[in-house]
Amino acid sequence: MSKLLEVKDLKVSFNTYNGEVHAVRGVTFDLNKGETLAIVGESGSGKSVTSNAIMRLLPEPHGFIKEGQILLEGVDLAKKSMKEMQKIRGKDISMVFQDPMSSLNPTMKIGNQIMEGLMKHQNMSKTEARKTALELLTLVGIPRPDVRINQYPHQFSGGMRQRVVVAIALACNPKILIADEPTTALDVTIQAQILELMKSIQQKTDSAIIFITHDLGVVANVADRVAVMYAGKIVEIGTVDDIFYNPKHPYTWGLIGSMPTLDSNDEELFAIPGSPPNMLTPPVGDAFAARNQFALEIDTVMEPPMFKVSDTHYAATWLLHPDAPKIEPPDAVKHRMQGFAQTGTKGGGKR
Amino acid sequence: MTRYILRRVWYMLLTLFIIATASFFLMKILPGSPLNAEDKLSEEQKEIILEKYGLNDPVPVQYAKYLGGLVQGDLGVSFKFDNTPVTQILVDRIGPSALLGFQALIVGSILGIFLGLMASIFRNSPIDFSSTIIAVIGTSIPSFVFAGLLQYVFAVKLGWFPVALWGTFEHTILPTIALAIHPLATAARFTRTEMVEVLHSNYIITARAKGVAESGIILKHGLRNALIPLITVLGPMAVGLMTGSMVIEQIFAIPGIGEQFVTSVMVNDYPTIMGTTLLFAFGFILIILIIDLLYGLIDPRIRLAGGSK
Ligand SMILES: Nc1ncnc2c1ncn2[C@@H]1O[C@H](COP(=O)(O)OP(=O)(O)OP(=O)(O)O)[C@@H](O)[C@H]1O
Ligand SMILES: [Mg+2]
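Respectively, the protein sequence lines represent chains S and A. Counting in our numbering, the first sequence runs from 67 upward without gaps. Counting in our numbering, the second sequence runs from 2 upward without gaps.
Keep in mind the hints are simulated off the structure, nothing from the lab. Every residue gets a Cβ at the ideal spot worked out from N, C-alpha and C, and that includes glycine. Heads up, some of the hints might be wrong.
To be verified - No more than 27 Å apart at the CA atoms, straight line, and that leaves these computed lysine-lysine pairs for BS3-like: (1) Lys-221/A x Lys-192/S; (2) Lys-221/A x Lys-197/S; (3) Lys-132/S x Lys-149/S.
Stated by the list, open to error - Restraint-style ranges between C-beta atoms, simulated for each label pair: (4) Phe-145/A x Glu-126/S: 45 to 51 Å; (5) Pro-237/A x Ser-191/S: 28 to 34 Å; (6) Ser-191/S x Glu-215/A: 19 to 25 Å; (7) Met-372/S x Phe-130/A: 49 to 55 Å.
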């Protein structure tokens with residue numbers, strides 16, 4: 067598989083009145099052509115900041131890339147000027163945002179909002195762009211596109227608006243689509259429809275997707291690989307199977323253990339106590355140590371490196387060190403892992 | 002749409018009727034009479050004059066006559082000013098006022114929007130600070146102080162412009178500036194605040210994510226959305242222009258409606274006062290109507306509300 071995007075040791079900070087917020091503290095991952103990578107993690111773990119950094123949509127200068135590389139087909143986006151980024155955004159990488167109610171311009175016809183990118187990046191004439199916009203509206207499943215194209219966002223429901231946003235993002239056949247919690251603001255049935263839509267479109271266009279969510283349940287359905295983020299770092303990364311059947315990091319256990327299950331409602335949850343650290347002053351050692359019931363002494367002193375579990379699977383926890391005590395995931399997590407195996411969460415994904 | 006406008010016109014007429022009635026009875030309650038100043042008249046002479054203008058009729062009769070005239074576009078005859086019909090006075094004087102008001106509105110809003118836009122783009126820069134200072138000065142200094150200052154510096158001291166009176170384009174410049182400073186300040190302040198807010202909204206990020214250039218972000222996506230709330234202050238702004246004109250016209254001795262109004266009030270010329278009041282009222286109502294229509298034009302969310310349903 068060819069590497070489309072390589073993010074290497076990305077560090078992003080924000081200068082605030084209180085000091086420097088270390089929002090992303092060294093994130094490394096690859097994205098292959100046509101694959102879907104899910105990034106999961108609690109609120110504030112740095113998922114959006116990572117994706118905004120890739121798009122160079124940080125509120126510069128007070129939010130900035132401190133270190134690291136973002137290689138798109140070998141070219142470092144972190145070094146691009148804003149002018150150069152304007153040629154890449156919407157063409158090579160585009161984005162779908164969380165809130166469809168506010169992410170469309172209220173005073174612009176949705177047709178024009180779709181055509182804008184086409185005319186800029188593909189040098190299309192107005193008529194060509196309009197034709198393509200109609201096709202896109204059909205593609206994302208909006209009925210009567212010839213009427214809808216002349217309407218304004220307020221004439222659409224939330225789900226329909228998100229379809230429009232997807233159409234805008236897909237307009238120029240981007241190599242990468244970043245979806246930052248694209249379904250969080252929608253109700254459950256609509257969520258499923260949008261996910262279905264994104265999957266079917268990916269099969270047609272073969273773009274790679276970075277899918278950001280804090281809902282692990284969704285991940286199993288859409289992703290090929292999963293990166294688990296905590297306090298500005300990736301703490302575990304692997305295929306869907308790696309993460310769901312063989313999770314290694316206690317934080318991943320916590321995420322899995324706090325997933326609601328259908329089969330038994332009295333089953334205990336394995337919830338994560340406490341709250342994430344303040345990113346103004348990230349803790350020394352393993353940032354998760356304070357909330358980790360399996361924390362070792364070394365966790366408070368030294369940060370764990372990424373230990374290799376398999377060719378596809380890495381996790382940053384001292385528990386993987388050869389000298390560490392062997393610790394099994396808690397029962398609640400094991401139950402869920404067995405549950406995945408029975409109901410075949412595996413293959414809920416696309417391939 | 003036509004039905005909507007017709008309905009609005011009907012409301013306008015109703016409003017005008019109420020204002021006409023109110024101003025008529027207010028005139029009746031007011032102490033003083035048009036004859037006060039002229040002590041040299043004998044009682045007999047006064048009686049003749051009162052009779053002539055129908056001021057001896059019972060009030061309801063006067064009111065009926067007044068309304069009857071109004072319907073035919075007859076605002077009565079001025080008690081002063083050589084018995085000229087009030088309509089004639091207004092027609093003669095509307096030109097300078099309208100021109101001044103129009104110029105001031107255009108200059109004020111365009112410069113103001115431009116200034117506010119620049120301030121929002123170059124936030125916390127010298128441009129931003131000077132814009133804030135202009136806005137503060139424009140809103141806090143009364144326009145007559147400003148007018149006097151302009152008159153003194155640019156007409157009396159520097160001699161660049163005529164001190165007062167009416168005639169050429171040069172005559173309009175100083176009063177236009179004096180009148181425009183307030184709307185300019187309002188527009189600048191408003192545009193800046195709105196732009197800053199709009200530029201932080203999600204759809205601006207969407208536009209950036211599409212690769213739209215910064216100029217397009219500001220003009221195509223930003224300004225239009227920022228201007229919608231500005232329309233709401235256009236109304237008060239235009240009203241401010243009308244009232245401001247009373248003072249400014251007085252200072253620059255411009256033969257306009259505002260100056261006429263002030264003079265008429267001084268001499269208790271009831272028909273002229275009422276006529277002018279009605280004209281002002283008409284102006285206000287017309288502006289409100291235009292603003293409502295403008296709203297629909299610029300904001301698609303409002304467009305269909307009153308009209309095609
Ligand atoms: N503009 C900003 N200024 C200062 N700090 C910021 C800014 N944007 C984000 N942060 C900080 O960066 C950290 C990561 O935020 P981010 O939005 O990436 O979280 P997230 O993982 O996307 O969470 P969520 O699930 O809530 O979207 C947070 O601690 C946040 O406070
Ligand atoms: Mg986020």
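Hint check results:
no., hint, verdict
1, Lys-221/A x Lys-192/S, "holds (17 Å)"
2, Lys-221/A x Lys-197/S, "holds (22 Å)"
3, Lys-132/S x Lys-149/S, "holds (20 Å)"
4, Phe-145/A x Glu-126/S: 45 to 51 Å, "holds (47 Å)"
5, Pro-237/A x Ser-191/S: 28 to 34 Å, "violated (44 Å)"
6, Ser-191/S x Glu-215/A: 19 to 25 Å, "holds (24 Å)"
7, Met-372/S x Phe-130/A: 49 to 55 Å, "holds (50 Å)"
Violated hint for the displayed structure: number 5, the only one.
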